[in-house]
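Asker: One letter stands for each residue in the lines below.
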Amino acid sequence: MKLWQQRSVSNLVALVQLIVACAFMAGATQMSFGSLQKPGPAVTPFIFALILAVCSIVALLKGPQDAEPMPQGEARRTVIVVSALALSYPIALPWLGFSISTVLLVGLVAYSLKMARQQAILLAVVSVGISYLIFHLLLGVPFPGGLVGF
Amino acid sequence: MSVWNDLLFGFSVALLPINLLAAASGAVIGTIVGVLPGLGPAGAIAVLLPITFGIDPSTALVLLAGIYYGSMYGGSITSILVKVPGEAASVVTTLDGYQMARQGRAGPALAIAAIGSWVAGTFGVIGITFLAPMLAKAALTFGPPEYLCLAALALLLLPQVTGGAIWKSYALVAVGVLIATIGQDPTGGLIRFAPDFIPPLRQGIDFVPVVMGLYGVAEVLRSAEEWIMSSGRPEHVTSTPKLAQLWPSREDLKRSAAPIGRGTVLGFLIGLLPGPGNIISTYISYGLEKKLSKHPEEFGKGAIEGVAGPESANNSATAGQLIPLLALGIPFSSITGLLLGGIMIHGIVPGPRLIVDHPHLFWGLIASMYIGNVMLLILNLPMVGLFAKLSLLTPRLLTPLVLLFCIVGAFSINNSLMDVWVLILSGCVGYLLQKAGYEPAPLVLGMIVGPMLEASLTQTGLIIEGNWLQLFSRPLTAIMLALMIAVLLWPIFTRAHNRSKKLA
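Just so you know, the protein sequences line up as chains A and B, in that order. First residue of the first sequence? That's 1120 in this note's numbering, and the numbers climb one at a time after it. First residue of the second sequence? That's 4 in this note's numbering, and the numbers climb one at a time after it.
So that you can see chain A by itself, here it is in the shape it has in the complex (with noise of 0.2 Å):
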C-alpha cells in the first residue's frame, strides 16, 4: 500500500513535470532560435525544458526513489482542508476584503488543527488585527478592501 502511494505522488509530480516541459518546448519553437553569434529568445527555454523532460522521463522510469508516503485518515483530510483553504484565499480576497477573508483563513486553519473554537477565533481576530495595524496603517500597503471596503 505504501509502495503504492510512494509511487502515485512520485509519478504524478514527473508526468506533471514532463507536461511542463511539453509546453515549453512548443512555446520555444515558436520563437526564435536565433544564430551561433546571437543565440535567440528560444534558446534557454528549450535547452532546459528537454532537460526536464528527459528527467521526467527518467523519474517515471526509476519509480519512487526517497517518496514518502502521503498522509492517511485524519492527517489526509486536514491537508486537504488546509490546501483548500488556502487555495480558496485568493478567490475571497477581492470578494471579502482582506480583514474578512484572512480572519476566517486562519480562523478556519487553526480550527482544522484542532484547537478550540473561541481560541481560534480569537488567535485570528488578533493576529489579522495586528497585521492590518501594520502593514496597512503604518506601511500603507493597501490591502484589498472587497465589498465591504477594509
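A few of these clues could be false.
Here are the simulated DMTMM-like pairs of lysine to aspartate or glutamate, each with C-alpha atoms no more than 20 Å apart in a straight line [stated by the list, open to error]:
| id | chain 1 | residue 1 | chain 2 | residue 2 |
| --- | --- | --- | --- | --- |
| 1 | A | Lys1157 | B | Glu149 |
| 2 | B | Lys140 | B | Asp360 |
| 3 | A | Lys1157 | B | Asp188 |
| 4 | A | Lys1233 | B | Asp59 |
| 5 | B | Lys86 | B | Glu301 |
| 6 | B | Lys257 | B | Asp188 |
| 7 | A | Lys1233 | A | Glu1193 |
| 8 | B | Lys297 | B | Glu254 |
| 9 | B | Lys257 | B | Asp199 |
| 10 | B | Lys304 | B | Glu254 |
| 11 | B | Lys140 | B | Asp9 |
| 12 | B | Lys86 | B | Glu229 |
| 13 | A | Lys1157 | B | Glu468 |
| 14 | B | Lys293 | B | Glu229 |
| 15 | A | Lys1181 | B | Glu442 |
Please keep in mind that the hints were generated in silico from the structure rather than gathered at the bench.
Starting from the structure of chain A, add chain B where the hints point.
Answerer: Showing chain B alone in chain A's frame:
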C-alpha cells in the same frame, strides 16, 4: 592595511543604532527559528523577506544574515534539551547532546555548543573578511564568457551535492530556469510564455513568493500533517539548567578544544563548496571526532566531543557559504539564494562589484557578524530556559500564523493578487515535491542563476563571434569547462568503479 580600514568603516556602519537593532533582532529571531521545529532558517528568511523592503539594504542584509547564523545557535538548544532538532544542521547534536542532558549535564553541553558556535562563527567571519575581497578582486576580470561558465557550473554542481536522486535535482533546476524565462526576454524584450488570459504573467514571476510558497506554505501543510499524526502530543523538555550550572568543567573544556578547532576549519572549507555545507559538515565532523577519539564507545552516550565538533562545524560552514555569495554573486545553497534575493529586491546587482559599489553593505554585514556572534553568546546562555520553552509552542498555533505572514508578505511585494496566487500554488506544489522526494533548493538556484546564464549566453555569443570553441582557449572558462566535464563524468566513473570492485 586597507582591509583594516574597510573593516573599521564596516564597524561604523554596523554600530549605527538601527543596524545594532537589526543584528540583535536577527540573532533573536534566528535563535527562535532554530528552536522551533518545523520552520527552518530558509522558511523564516523567505517569510521575512518582504518585511525588509521598506528598510535600508544594509540593515536588511544584517537582519537576514543574523537570522541565518542565529538559527545555527538556536538549533542546538532543543537538540540538547528536547531531542528535537529545530533545523537540519542540529540533527547530529541530538546524538550526544540529549544523552548529556539525560545525565544531568545539559549545562556543559549547551555551554560548549555556544562557545564552539562563537569560536567557529568568529573564525568564519575572519575568513570572509580576508577571502571574499580577494576572490571578488579576481572575479572583477570576469567577462560574460566566464559568467556563463560560472552559472552553468553552479547549476551543474549543486544538484550533485544536495542529496537524493540527481535527476530529480536537475529537473528542479530546469523548472527554476523555466519559471525565470516567463515574461520579458532579458536581451530582446520579447514576451515569453505569458498567455493573454493571465496578463500579470507578462511582468514575469517574482522570485520571493515562489520561495515563500516552497519553504513557508509547504511547511504549513507538512506541519499540519505531522501535528495530526502525532495526535497533538507536545514534546517533553528535560529540566533546563540554571545559569550557574552552565559552566563546563576544566576536563570538558580540555576535551572540547581540539574538536572545536577541527570542526571550525572543516566546516569553513565545506561551506565554500556548493550544497548545504552547514548540514553536511556536522556529519563529517561527528564521524571525524569519533574516529580520532580515544573513547569512540562513548559516542552516542554523551561524549562532549560529539557536541563540540558538529556545533562548531555548522557555524563556520554558515560563514563559509557567504563567501561565494558576496564575492561572486552566486548562491551555493538555498539559504544563501534567499539572502541574495534579499539583496536583489533592493535593486542591487550581486556580483564581484558588490564590494566596490556597495562597501557599506558588504563591510557593514561583516562587522555586524562579529557583533552578532558576541550578542548570541551573551543572549543565549542566560535565556536558554526561555528558548527551550518556546519549543513547546504547538504547530496548531504557529501554522496559521506562518500562513498569515506568508500571505501578507507575498501581497505586499507588489500589492498584487497574482503574487498571492503564486505563493499558494508554489506551497501546494512544494508539499507534493517534498512527498515525491524532491529538495527545493535546486529550483531556487535555477530561478536566480537562470537569468544570469541567459543574459551572458547572448553576450558571449557576440563577444566570441559565434566561435564557441574559443571558450576552451580562455584559461578561466577552460578550467570551468573541464570541471563541468568532470562533474558530469564523475557519477559514470564511480558507477563503473563500483561495478568493477563488485566483479573483483
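Asker: Which of the listed hints are not met by the structure?
Answerer: 4, 6, 9 and 14
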